[in-house]
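Okay, here's what each chain looks like letter by letter:
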Amino acid sequence: MGPHVNPEDPDLYALGALDEEERAAFEAHLRSCAQCADQAAAAQRRIALVGLAAEPVAVPSRVKEELMRRVRAEHRPQPEAASRGRSWRWLVPVLATSTMIFAALAAWQWTQNRDQAQQISTLRGQLADAQSRSLDIARASEDVDLVAGAPGTIHVALAPQPGTQVRSGAILYDPQSGTVAYFAHMPPAPSDKSYQLWLVPAAGAPISLGVFSGNEPMTALTARLNPGVAAKAFAVTVEPKGGRPQPTGVKILVGAVKT
Amino acid sequence: MSVAGQPVPDSALIERIMAQDENALSAVYDRYSGMVFSVLVRILKDSQAAEEVLQDLFLQLWREAQRFDSSRGSLPAWLMVIARNRAISRLRGRNRRALVETSEDLPTGYAPWLDNVEQEAARAEMVGKVKAAMREMPREQRQVVELAYFEGMTQTEIAAHTGTPLGTVKTRMRTAIQSLRQLFDDGTARQSGRS
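First to last, the protein sequences are chains A and B. For what it's worth, this note's numbering labels the leading residue of the first sequence as 1, then goes sequentially. For what it's worth, this note's numbering labels the leading residue of the second sequence as 1001, then goes sequentially.
Since the hints were made in silico from the structure, they are not lab data. One or more hints might be untrue.
Chain B is faced by these chain A residues, among others (derived, beta-carbon under 10 angstroms) [what the hints assert, rightly or not]:
1. 46
2. 51
3. 66
4. 74
5. 145
6. 230
7. 232
8. 242
9. 245
10. 249
11. 250
12. 251
Simulated crosslink set (SDA-like; lysine to any residue; CA at most 25 angstroms straight-line) [as the list claims (entries may be wrong)]:
13. 241/A / 1011/B
14. 64/A / 74/A
15. 1129/B / 57/A
16. 64/A / 1048/B
17. 64/A / 1022/B
18. 232/A / 162/A
19. 232/A / 166/A
20. 193/A / 240/A
21. 193/A / 1016/B
22. 64/A / 162/A
Given the structure is predicted, the values throughout are model-derived calculations rather than measurements. We put the beta carbon where it would ideally sit given N, CA and C, even for glycine.
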């Protein structure tokens, strides 16, 4: 571990004010210094306060209305797994949904319906929802590219625990960027349960990386953490539906990081 | 959303969001969307874009509430950090890897002013104190902080933007940060001292 950083560097880092070389040096130090990593995280919370100096602007009521419409749309019976983390399995339904929506929009142009306004609103909402998921897929793809190509990426094999039906899982983790990709074959979780993926840091409490149901043949999800978090292990637990802030259920997959 | 005039704690609302309670998300939105939206508008200078980022942020909270751990940091700080990072990322065309996108798990730290602000009056008081603290800073120091925070500029970019020597910008920035630390990290003491 090199010498500690300048006292103001954590705040400069949180502000994004460090130049590229300074930033790279700081991040390199964070990877080996838990003390400075804690200071960097604390600086982020402190710097967040600066935003409160912005002049207040009222939020249009339509924003909340659209948000809650999208939330209700996600509350359909099947999407528990798709709504957690970023997953490749969204690709097919999203493309299908987008195609249907565009087709509906095209058809709508040739018809005059007395409920036009309501239909437009509904279609726009569905399109926005599909676009949002497409963005999630794009981000997941970006994450996988990043973690697969990073020189410092570590590979962790997750082994099934005795008495479980899970075959295996694998983690790719780039500590420098904080990017995690997880792949596994999982049996469907019980209807009232969810699987939850955790990073066990070298110091501190486990960090949740995402919740999923295992309803697809192949589970793949990505997540991003603070850069520089030293991982001791990864694990998958069975939790009450929706997951929990900290692990409470049985571990079904565990993999230690080799040092 | 309250019992005997006491607001429901953020941690309880998060638990309910994780259980897919739409009313809990609605309550969190009502509580914090204003402060988040104000920052987004200031950064993006585009209400439509700010609305999109705001909506996506709360939709993420709905989808991934389990990623927020109330024992490790306050919800408003989490929202502010992610919102600002996404706005800067969008402002700069995602060419620069934004700090925000890698900082969605916040350990316990300083900035006590963003804790215990479930009540509207407490939030308004906090905003007033932050504004006053920023006003107390010399104009040149406030400028470099605001250019970094709201415009996403590095120190070199600030120097070029303002026509100020880089060394001067760094000196102003470090002095400003020392002031912010003193002001914000003493928040609890200042609050209790005035009450």
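Each hint, compared with the structure:
Taking 10 angstroms as the C-beta contact cut-off toward chain B, the hint placing residue 46/A at the interface holds, the least distance being around 5 angstroms. The interface hint given for residue 51/A holds, since its Cβ lies 4 angstroms from the closest Cβ of chain B, which is under the 10 angstroms cut-off. Hint status for residue 66/A relative to chain B: holds, with the closest Cβ pair at about 6 angstroms, below 10 angstroms. Contact between residue 74/A and chain B, as hinted, is supported at the beta carbon level, the nearest pair being about 7 angstroms apart and thus within 10 angstroms.
At about 13 angstroms, the closest approach between the beta carbon of residue 145/A and any beta carbon in chain B exceeds 10 angstroms, and the interface hint on this residue is violated. For residue 230/A, the interface hint is violated, the least distance from its beta-carbon to any beta-carbon of chain B being 13 angstroms, above 10 angstroms. The beta carbon of residue 232/A comes no nearer than 16 angstroms to any beta carbon in chain B, farther than 10 angstroms, and the hint placing it at the interface is violated. The interface hint given for residue 242/A holds, since its Cβ lies 4 angstroms from the closest Cβ of chain B, which is under the 10 angstroms cut-off.
Using the Cβ-Cβ criterion of 10 angstroms, the hint placing residue 245/A at the interface with chain B is satisfied: the shortest such distance is roughly 5 angstroms. Here the hint on residue 249/A is broken, as its CB sits about 13 angstroms from the closest CB of chain B, past 10 angstroms. The criterion of a C-beta within 10 angstroms of any C-beta in chain B is not met by residue 250/A, whose closest approach is roughly 17 angstroms, and the hint is violated. This hint is violated: residue 251/A has a C-beta 17 angstroms from the nearest C-beta of chain B, more than the 10 angstroms allowed.
Between residue 241/A and residue 1011/B the alpha-carbon distance is near 18 angstroms, which keeps this suggested pair within the 25 angstroms criterion. This hinted pair checks out: residue 64/A and residue 74/A have alpha carbons roughly 15 angstroms apart, not beyond 25 angstroms. Proximity of residue 1129/B to residue 57/A is assessed by CA-CA distance (about 18 angstroms); at most 25 angstroms being required, the pair is judged to hold. Of the pairs offered as hints, the one joining residue 64/A and residue 1048/B holds, with about 13 angstroms between alpha carbons and a cut-off of 25 angstroms not exceeded.
Between the alpha carbons of residue 64/A and residue 1022/B the distance comes to roughly 12 angstroms, so the proposed pair stays at or under 25 angstroms and holds. For the suggested pair residue 232/A and residue 162/A, the alpha carbons sit about 21 angstroms apart, so the restraint of at most 25 angstroms is met. Between residue 232/A and residue 166/A, the direct Cα distance comes to roughly 22 angstroms. Compliance with the 25 angstroms bound is thereby established for this hinted pair. Taking the CA atoms of residue 193/A and residue 240/A, the gap is near 5 angstroms; set against the 25 angstroms cutoff, the hint holds.
At roughly 16 angstroms between alpha-carbon atoms, residue 193/A and residue 1016/B fall within 25 angstroms of each other, so this suggested pair holds. A threshold of 25 angstroms between alpha carbons decides the hint, and for residue 64/A with residue 162/A the separation of about 47 angstroms lies outside it, so the pair is violated.
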